[in-house]
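Colleague: If you're matching them up, the sequences are chains A and B in order.
Throughout the first sequence, residue numbering follows numbering that gives the first Met the number 0, covering 0 to 363 in sequence.
Throughout the second sequence, residue numbering follows numbering that gives the first Met the number 0, covering 0 to 363 in sequence.
Please keep in mind that the hints were generated in silico from the structure rather than gathered at the bench.
What you are looking at is a predicted structure, and each value in this text was computed from that prediction instead of being measured.
Every residue gets a Cβ at the ideal spot worked out from N, C-alpha and C, and that includes glycine.
Any given hint might turn out to be false.
[Stated by the list, open to error] Heads up, simulated DMTMM-like pairs for lysine to aspartate or glutamate below, C-alpha to C-alpha not over 20 Å straight-line:
# : chain 1 : residue 1 : chain 2 : residue 2
1 : B       : Lys326    : B       : Asp183
2 : B       : Lys35     : A       : Asp86
3 : A       : Lys53     : B       : Asp192
4 : B       : Lys222    : A       : Asp86
5 : B       : Lys53     : A       : Asp192
[Unchecked claim] Covered stretches of chain A, as calculated for chain B (at least 3 residues, CB under 8 Å):
# : segment
6 : 152-161
7 : 346-352
Here are the chains, one letter per residue:
There are 2 protein chains.
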Amino acid sequence: MKAPYWKSILIIAVVIAVPMAAQNKTDNAKRRDELKKPLVIASQGSFFVGGESKALPSAPARGGFAAGGDVTVNQMYVQYQTPPDGDRHVPVVMVHGCCLSSKTWETTPDGRMGWDEYFVRKGRSVYLADQSSRARSGFDPTTINAVRSGTVPPSQLPNVLMASHQTAWTIFRFGPTFGQTFPDGQFPIEAVDELYKQMIPDLNSTLPSPNPTWKNMAALAVKLKGAILMGHSESGFFPEQAALIDPTGIKGMISIEMPCATMNPTQISTLAKIPTLVMFGDHLGDVQGGGPANWSASYQGCQTFVQQLKSAGGDAEMMYLPELGIKGNSHMLMQDRNNLDLADLLINWIDKHVESKPKPTAKP
Amino acid sequence: MKAPYWKSILIIAVVIAVPMAAQNKTDNAKRRDELKKPLVIASQGSFFVGGESKALPSAPARGGFAAGGDVTVNQMYVQYQTPPDGDRHVPVVMVHGCCLSSKTWETTPDGRMGWDEYFVRKGRSVYLADQSSRARSGFDPTTINAVRSGTVPPSQLPNVLMASHQTAWTIFRFGPTFGQTFPDGQFPIEAVDELYKQMIPDLNSTLPSPNPTWKNMAALAVKLKGAILMGHSESGFFPEQAALIDPTGIKGMISIEMPCATMNPTQISTLAKIPTLVMFGDHLGDVQGGGPANWSASYQGCQTFVQQLKSAGGDAEMMYLPELGIKGNSHMLMQDRNNLDLADLLINWIDKHVESKPKPTAKP
Numbered sequence: 000m001k002a003p004y005w006k007s008i009l010i011i012a013v014v015i016a017v018p019m020a021a022q023n024k025t026d027n028a029k030r031r032d033e034l035k036k037p038l039v040i041a042s043q044g045s046f047f048v049g050g051e052s053k054a055l056p057s058a059p060a061r062g063g064f065a066a067g068g069d070v071t072v073n074q075m076y077v078q079y080q081t082p083p084d085g086d087r088h089v090p091v092v093m094v095h096g097c098c099l100s101s102k103t104w105e106t107t108p109d110g111r112m113g114w115d116e117y118f119v120r121k122g123r124s125v126y127l128a129d130q131s132s133r134a135r136s137g138f139d140p141t142t143i144n145a146v147r148s149g150t151v152p153p154s155q156l157p158n159v160l161m162a163s164h165q166t167a168w169t170i171f172r173f174g175p176t177f178g179q180t181f182p183d184g185q186f187p188i189e190a191v192d193e194l195y196k197q198m199i200p201d202l203n204s205t206l207p208s209p210n211p212t213w214k215n216m217a218a219l220a221v222k223l224k225g226a227i228l229m230g231h232s233e234s235g236f237f238p239e240q241a242a243l244i245d246p247t248g249i250k251g252m253i254s255i256e257m258p259c260a261t262m263n264p265t266q267i268s269t270l271a272k273i274p275t276l277v278m279f280g281d282h283l284g285d286v287q288g289g290g291p292a293n294w295s296a297s298y299q300g301c302q303t304f305v306q307q308l309k310s311a312g313g314d315a316e317m318m319y320l321p322e323l324g325i326k327g328n329s330h331m332l333m334q335d336r337n338n339l340d341l342a343d344l345l346i347n348w349i350d351k352h353v354e355s356k357p358k359p360t361a362k363p
Numbered sequence: 000m001k002a003p004y005w006k007s008i009l010i011i012a013v014v015i016a017v018p019m020a021a022q023n024k025t026d027n028a029k030r031r032d033e034l035k036k037p038l039v040i041a042s043q044g045s046f047f048v049g050g051e052s053k054a055l056p057s058a059p060a061r062g063g064f065a066a067g068g069d070v071t072v073n074q075m076y077v078q079y080q081t082p083p084d085g086d087r088h089v090p091v092v093m094v095h096g097c098c099l100s101s102k103t104w105e106t107t108p109d110g111r112m113g114w115d116e117y118f119v120r121k122g123r124s125v126y127l128a129d130q131s132s133r134a135r136s137g138f139d140p141t142t143i144n145a146v147r148s149g150t151v152p153p154s155q156l157p158n159v160l161m162a163s164h165q166t167a168w169t170i171f172r173f174g175p176t177f178g179q180t181f182p183d184g185q186f187p188i189e190a191v192d193e194l195y196k197q198m199i200p201d202l203n204s205t206l207p208s209p210n211p212t213w214k215n216m217a218a219l220a221v222k223l224k225g226a227i228l229m230g231h232s233e234s235g236f237f238p239e240q241a242a243l244i245d246p247t248g249i250k251g252m253i254s255i256e257m258p259c260a261t262m263n264p265t266q267i268s269t270l271a272k273i274p275t276l277v278m279f280g281d282h283l284g285d286v287q288g289g290g291p292a293n294w295s296a297s298y299q300g301c302q303t304f305v306q307q308l309k310s311a312g313g314d315a316e317m318m319y320l321p322e323l324g325i326k327g328n329s330h331m332l333m334q335d336r337n338n339l340d341l342a343d344l345l346i347n348w349i350d351k352h353v354e355s356k357p358k359p360t361a362k363p
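The task is simple: from the sequences and hints, build the whole structure.
Modeller: Next comes the structure, spelled out in structure tokens:
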């Protein structure tokens with residue numbers, strides 16, 4: 000008796016799907032074992048890029064400290080790890096987003112390996128930068144102290160951004176509204192309280208214009224004799240802003256989930272000389288109360304930007320994860336459950352577009 | 000012809016001194032070569048200790064973010080590295096001082112290895128904590144935002160400490176007055192601008208009392224199933240403050256260059272159960288304009304504290320470097336040129352007093 004048509008289909012599907020699942024399982028187990036091996040570091044450390052002296056007002060004294068004198072502001076703290084033979088690959092600089100620090104790239108909220116260590120294990124030198132005015136980079140407190148001493152009105156206080164749990168939940172797209180999750184969501188929501196601890200005051204409003212982090216990122220790329228700059232969210236377009244200041248050290252740009260600024264033809268021409276990857280996750284239009292973030296509009300704006308780079312002869316790619324069949328990624332995709340799969344996508348892109356491909360022939 | 004007496008002395012001195020100098024040179028060269036070897040890490044990462052939710056005022060909205068909601072404050076960011084067989088030694092927790100971050104313990108201003116990596120290379124698990132309200136631990140900005148919105152008067156603004164270059168020079172004892180150095184000074188003064196970049200605003204005045212860092216340090220020691228707590232300057236007495244909250248995880252205390260608080264007999268009795276080392280550098284009374292720091296008085300107060308611990312049966316030691324013939328150390332002695340020699344002193348103390356010595360018999 001001949002099996003019905005649908006049974007053949009089913010058998011074929013099982014024959015293909017079961018080995019694929021088994022293969023994935025083997026790959027994951029293999030990777031897990033690999034990641035448990037000791038990590039070998041050729042060198043590690045930390046340093047600063049940039050920073051300028053600024054004179055303090057001569058009065059009043061604060062906390063017993065002598066009044067006046069000079070402080071250093073606008074510097075950018077950078078920590079790094081270089082694997083053995085790290086010079087075989089272009090170093091990667093990772094810069095965090097709003098209300099966060101370099102912790103973004105380290106151990107995930109649920110305790111898995113972050114991109115920082117994974118990239119090192121994949122043979123890349125990794126540089127984590129705290130944005131100027133954030134975390135270990137410090138910030139300029141002179142206006143706060145001037146208001147406290149009465150020499151300046153309270154209206155001049157900086158707007159210190161601090162995202163609440165509720166705001167983060169929807170901006171970071173953990174679910175449609177606070178407390179609700181997406182069924183296919185990749186963020187380890189059981190550990191969301193650990194993410195909340197990473198969220199710290201954002202003092203970018205104390206910075207001069209243009210943002211010194213841009214100049215510092217460009218200078219870091221020069222210092223490293225070539226680097227790939229990666230930004231996320233608030234800093235997502237910082238690689239491009241850095242390249243517009245000084246493109247000489249920037250060998251590639253990875254921009255993750257941010258609004259793309261409108262660029263004029265001269266700017267596009269400069270940026271088109273550098274391989275560029277833009278990455279967006281899932282559920283862009285599926286959240287309510289996202290505050291200042293409109294991810295669908297950001298995605299559309301970045302589509303336009305990528306097209307402009309391509310039209311100018313650039314090597315630019317929009318990696319929209321749902322189009323690759325990768326579903327449920329949040330805004331904090333470097334911490335999502337599939338974060339190392341996404342890291343592999345980036346590393347593959349780097350290998351093909353930054354390290355082995357001939358330079359794109361950008362139109363003058 | 001018989002050589003005169005002084006010639007014999009000279010010859011003996013040369014015979015002894017030349018091999019000693021050669022020996023030191025060989026030791027230093029040997030260490031330099033050792034430190035250039037790749038570093039093997041069994042595990043590394045970062046996490047938070049502590050932290051509580053706090054409701055934000057419901058108005059006004061800030062920077063387009065929804066008003067109200069909850070934020071997390073008082074958490075303590077910790078990054079760590081564990082060497083292979085790291086469980087053979089008690090982990091070491093390092094906490095930085097005023098107006099600084101964990102950068103204190105990393106690469107020195109002139110680019111040499113910091114205590115963080117050196118301790119790992121000596122087989123110790125190292126945990127660097129940014130104090131609660133500093134750097135990657137974030138701070139509570141609600142009062143600043145309340146003043147900005149007009150609901151609270153400017154007088155309630157926190158006293159944001161920011162040490163000027165001039166203040167740091169004398170408080171850190173780089174020389175008697177700003178711009179002048181001590182002839183035997185160990186601080187790499189040619190790189191002082193790099194130290195200035197490490198100096199960031201201190202927002203401890205925003206913290207509740209008692210300082211949550213104390214509780215977080217005690218909790219970290221418990222989490223690690225035993226740890227040595229090390230503090231410096233502002234945090235120099237934090238190991239003791241942590242032990243008074245919960246001594247169960249604290250296997251040793253290393254307090255570097257700070258005022259020692261006056262302790263009552265019950266407190267001394269608790270602290271005397273834990274091996275304690277206090278370290279002070281040189282030129283304690285040789286600076287002018289040290290501001291709130293009076294190092295001679297701090298040293299005297301800590302001498303009293305150490306004596307009190309000893310009288311209570313404790314294993315306590317004052318390591319006053321000039322008395323050991325080690326001259327010219329600044330307040331930032333973990334960054335001084337002889338920083339790894341000092342690290343060896345600490346590691347030897349740990350080996351003898353925390354790891355191999357029977358527990359001190361503290362009086363009840």
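Colleague: Take the hints in turn and mark each one as holding or not.
Modeller: How the hints compare with the structure:
A C-alpha spacing of about 7 Å is found between lysine 326(B) and aspartate 183(B), which places the hinted pair at or below 20 Å, so the restraint holds. Our distance criterion of 20 Å between C-alpha atoms is met by lysine 35(B) and aspartate 86(A), whose separation comes to about 16 Å. This hinted pair checks out: lysine 53(A) and aspartate 192(B) have alpha carbons roughly 13 Å apart, not beyond 20 Å. Taking the CA atoms of lysine 222(B) and aspartate 86(A), the gap is near 38 Å; set against the 20 Å cutoff, the hint is violated.
Under the criterion of a C-alpha separation no larger than 20 Å, the hint pairing lysine 53(B) with aspartate 192(A) is consistent with the structure, at around 13 Å. A stretch counts as covered by a chain when three or more of its residues have a beta carbon under 8 Å from one of that chain; for the segment 152-161 of chain A and chain B the count is 8, and the coverage holds. Here the segment 346-352 of chain A counts 0 residues with a CB under 8 Å from a CB of chain B, which misses the bar of 3, and the coverage is violated.
Of the hints listed earlier, those the structure fails to meet are numbers 4 and 7, in rising order.
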